[in-house]
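J.: Sequence order for the protein chains is A and B.
Note that UniProt numbering gives residue 390 to position 390 of the first sequence, counting from 1, and the numbers run on in steps of one.
Note that UniProt numbering gives residue 107 to position 107 of the second sequence, counting from 1, and the numbers run on in steps of one.
Accuracy of the hints is not assured; some may be wrong.
[To be verified] Pairwise CB distance ranges, derived in the manner of DEER restraints:
{"no.": "1", "chain 1": "A", "residue 1": "D42", "chain 2": "B", "residue 2": "Q251", "range": "20 to 30 Å"}
{"no.": "2", "chain 1": "A", "residue 1": "K355", "chain 2": "B", "residue 2": "K355", "range": "56 to 66 Å"}
{"no.": "3", "chain 1": "B", "residue 1": "G314", "chain 2": "A", "residue 2": "D42", "range": "46 to 56 Å"}
{"no.": "4", "chain 1": "B", "residue 1": "P18", "chain 2": "A", "residue 2": "T140", "range": "20 to 30 Å"}
{"no.": "5", "chain 1": "A", "residue 1": "G57", "chain 2": "B", "residue 2": "E254", "range": "24 to 34 Å"}
Hint data in this document are derived by calculation from the structure and do not stem from the laboratory.
Bear in mind the structure is a predicted one, so any value in this text is a computation, not a measurement.
Backbone N, C-alpha and C fix where the C-beta goes; we use that ideal spot for every residue, glycine too.
2 protein chains.
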Amino acid sequence: MRDAYIIGAGQTPFGSMPDRSYRSLFLTAFERAVESVPHGIDEDEIDEAVIGSLGVGGRQLGLSGPAATEHLGLHGIPSSRIENACAASGYSVRQAVQAVKSGMADVALAGGVEVMTDMSGDMTKYWLGVSGETEWERLTGTTFAGVYAQMASAYLDRYDATREHLSMVAVKNHANGAKNPNAHLGFECSLDDAMSAPDVAHPLNLYHCCPTSDGAAAVLVASEDVVDEYTEEPVRVAGVGASSERVGLFQREEYTTIASSRRAGETAYDRAGLGASDIDFAEVHDCFAIAELLAYEDLGFCDPGGAPQLLDDGVTDLDGDLPVNASGGLKSKGHPIGATGAGQIAEAFKQLRGKAGERQVEDPTYGLTHNVGGSGGAAVVHILEREVGR
Amino acid sequence: MRDAYIIGAGQTPFGSMPDRSYRSLFLTAFERAVESVPHGIDEDEIDEAVIGSLGVGGRQLGLSGPAATEHLGLHGIPSSRIENACAASGYSVRQAVQAVKSGMADVALAGGVEVMTDMSGDMTKYWLGVSGETEWERLTGTTFAGVYAQMASAYLDRYDATREHLSMVAVKNHANGAKNPNAHLGFECSLDDAMSAPDVAHPLNLYHCCPTSDGAAAVLVASEDVVDEYTEEPVRVAGVGASSERVGLFQREEYTTIASSRRAGETAYDRAGLGASDIDFAEVHDCFAIAELLAYEDLGFCDPGGAPQLLDDGVTDLDGDLPVNASGGLKSKGHPIGATGAGQIAEAFKQLRGKAGERQVEDPTYGLTHNVGGSGGAAVVHILEREVGR
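The following block holds chain A by itself, in its conformation from the complex (with noise of 0.2 Å):
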C-alpha cells in the first residue's frame, strides 16, 4: 500500500483561553498547519478531515467534525469525529493516514481540539470522569488521579524507584516548557517543588499532574503520489500501531504497564522495520507522571522497572540521547484533551524538519509519539522519519 506522509502540522498555544470556542482555536491551528507547507496547499485540495474530540462541555456534540471544518472553508468533504478521551486525535491522525493509504483521499486532514476552562471544576470532573470506566470507576468516585495513584503505588512497590523519581519527571518537562512558546506552564521548576506541592492522590502531588488545558493542533497527511507538489523535506509515516486494554484498571492483570502502549509500540516498530533504539527523540503521555515511567518501558526505551534509572541517568533530558517530551509533554505543555495527541505529531514534525528553537533536539531522523486514551484504554504510537533528499 502507498506510504504517507506528513506534509504540514500546526497547533495553537495549549493554556486557558475560555473565551475561544472549539471552532476558532481549531481554526488556528488548521492555518499553522497550512503555513507550515513548503510549497503551499489550496483548500479544495483536502479530500478529507476527521478530528479528534471528547466534546467536553457538550455543546456541539454532534456533527462537531463538519461544524469545525465549514468554519475553515473546507465545504463539502468528508468530515467526522473521532473519539477515544485523550487519544482522539492520535488516532485521528491514524484514520488519516488509512484514507490516503487506502487510496480514498490523496491528502487528508486530521487534528483535535477541546475546550476545558470555561466551566466549573465540578462540570470538568464530571467530563474528564466520563472517560473512565463507568459503571465500577467513576460512579464509584474514582477519578483518573486516584487511577494512576494506584499505578504509581504499585510501581513504587515493585521496583526501585522513589517518588523523587516522579518529580524528576516534572523538573525535566517544565525546563523543556520553559523553551516552548505553545506551552500552558512554561516555566521551570526545582525538585524541591516537585516534591513538596500539596497531594493530589497520594502518592502523586501537584507536580506529578497535567493541567487542564484550551487547545487544538491539526496535522495535514498526502500521499506518496502527490506528496512532491507540497514539499522536498516531508516526513514520513514510518509506522503506526494502536490497541485497546481492559478500560476498567481493577480487570488488568498488571498495574506495572499499559498493555495497550505495549502492543502499540510493538505493532508501529514491527510496520516501521525499527526497534527502539532507532528512536532519536519521542513525544509521551505524561498526564501523570507515573505515566511516563511507564512509558519508558513499555515502549522499550528500557526493561521493566529501568525507568527511573533512565531518569537518574539524564537520558531522556533534552540533551540526553533519548530525549523525552522536549516540547513539555502534557506535563508543562498542557493537556486539551482532544487536541494531544495531534500536537505531539505537530511537536515530532517541528523537531524533524529542524525548526525546535531552543528544544530543537540534535538532528533527528527518526521520532515516536505515544497517545493514551483514560488509563490505558486505548494507545496509539506513531514513528515518523525525516526523508532526506527526497
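Based on these hints, arrange chain B on the given structure of chain A.
T.: The following block gives chain B in isolation, referenced to the frame of chain A:
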C-alpha cells in the same frame, strides 16, 4: 487498492429497551453478525473496530469504543468511537472499508449503538439537540422536527406536492416494517391515520416523524485477500461516498435538497461505475417523511420535484421497480441514532443474500444505503453488490 467485502452483518431488534446497556445491545448485534458469516469467524481474526455512537445519556462518553469491544471479548485491537450524529455508523462502515483498503486490517468490525429510552423526555431532547447547530439553532429553541418542518414547508411550496405525499411515506414504511420482526413500530397504518395524527411541527405530524429507539447493529468488513475464507456469497462494497454540508439550515442556499446527500451519492455512483438506474433497492434516511422525498431526488431516483410522482406511481413500494425502505425505514423500523447507518447496511446485506423473508425484494444485485447526520451536516452512501459465482 484492494476491494472490501461485507462478510457478515446483524442487528438487535430496534425498540424501547431501557433496561439494556449499550454494551449488552452491541454484543447482541455482534453475535448476530458473527452468526451470519457462512464459514464462521474467530474473534482473533478481527483486526480492528470502530463503533458509531452519539453517546446519548453521556454515561460512557469517553472510550466507549474500547469499552464495547472488551465486552465482546475482542482484546487489544485498535478500537475507537466515531461520531457524526445520526450518520455515525454509516461513517463507521466507511472507516472499516478504509482500514481494509489501506492494508492495515484484513477484517474490520464496524457498527453502532444507542440507548435513548432510559431517560426523561427533556434529556432526550437535549441529547438530540446537541447534533443541531448549537449556537444559532439549538440555543434559539429549534428542534430537529422544526428544522425538517422548514424543509417540508419549502418543498410543499415549491413543488406540486401535498401533505398526503408525506403521509404516503409513513403508510409505505409501516407496511414494510410490519413484515420486519426487528422493527420498533412494526404495525401498519392507513392513510387516514397518517393524515389525522397530531401536529409535531407543522406541516409534519406524528406519523411524519420517526420514533426514539434503542438498538445496535454490527457489520464485518473483509479484504479481497481473505474474503474466500469466510464466504462464497460475499457482498462487495462497490462504492462509498461521503460528504458534509453547513450544519445550520439557515446557512444553506436551498432548503429543498440536502447537498451532502447529493455529493455522497455522486461519489458512490462514480466509484462503483454505476448510475441511479442500476440500483435495485435502497434504504434511505427517512428521519422525517420529507427526508425520504428529498433522498429520492438527491440520490438521482428522479429529478428535483419528482418525488411525489414516484410515490403516486408506487415505484418505491415493496413490489415497485425500486423498493425504498423495505425494512420499514427509520419511521417504522426505528432510529437508534448511532446504530441506524450500520442497521441499513445489515438490511441491505440480508436483502442481497435473499434472506429478508416477507419483505424480500425481488432478486437484487445492487442495493444502496443512505445515512444522514442531523439535518444533512453529514451524509454517507454505500452501494453494495451481490457477487454471483465468486
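J.: None of the hints should be skipped; say for each whether it holds.
T.: Taking the hints in turn, this is what the structure says about them:
1. Between A/D42 and B/Q251, the C-beta spacing of about 22 Å keeps the proposed range 20 to 30 Å intact.
2. Take A/K355 and B/K355: their Cβ atoms lie about 58 Å apart, and the range 56 to 66 Å holds.
3. Checked against the hint of 46 to 56 Å, the pair B/G314 and A/D42 passes, with Cβ atoms roughly 47 Å apart.
4. One distance hint, 20 to 30 Å for the beta-carbon pair B/P18 and A/T140, holds here, with the actual separation near 23 Å.
5. Separated by about 32 Å at the C-beta atoms, A/G57 and B/E254 satisfy the suggested range of 24 to 34 Å.
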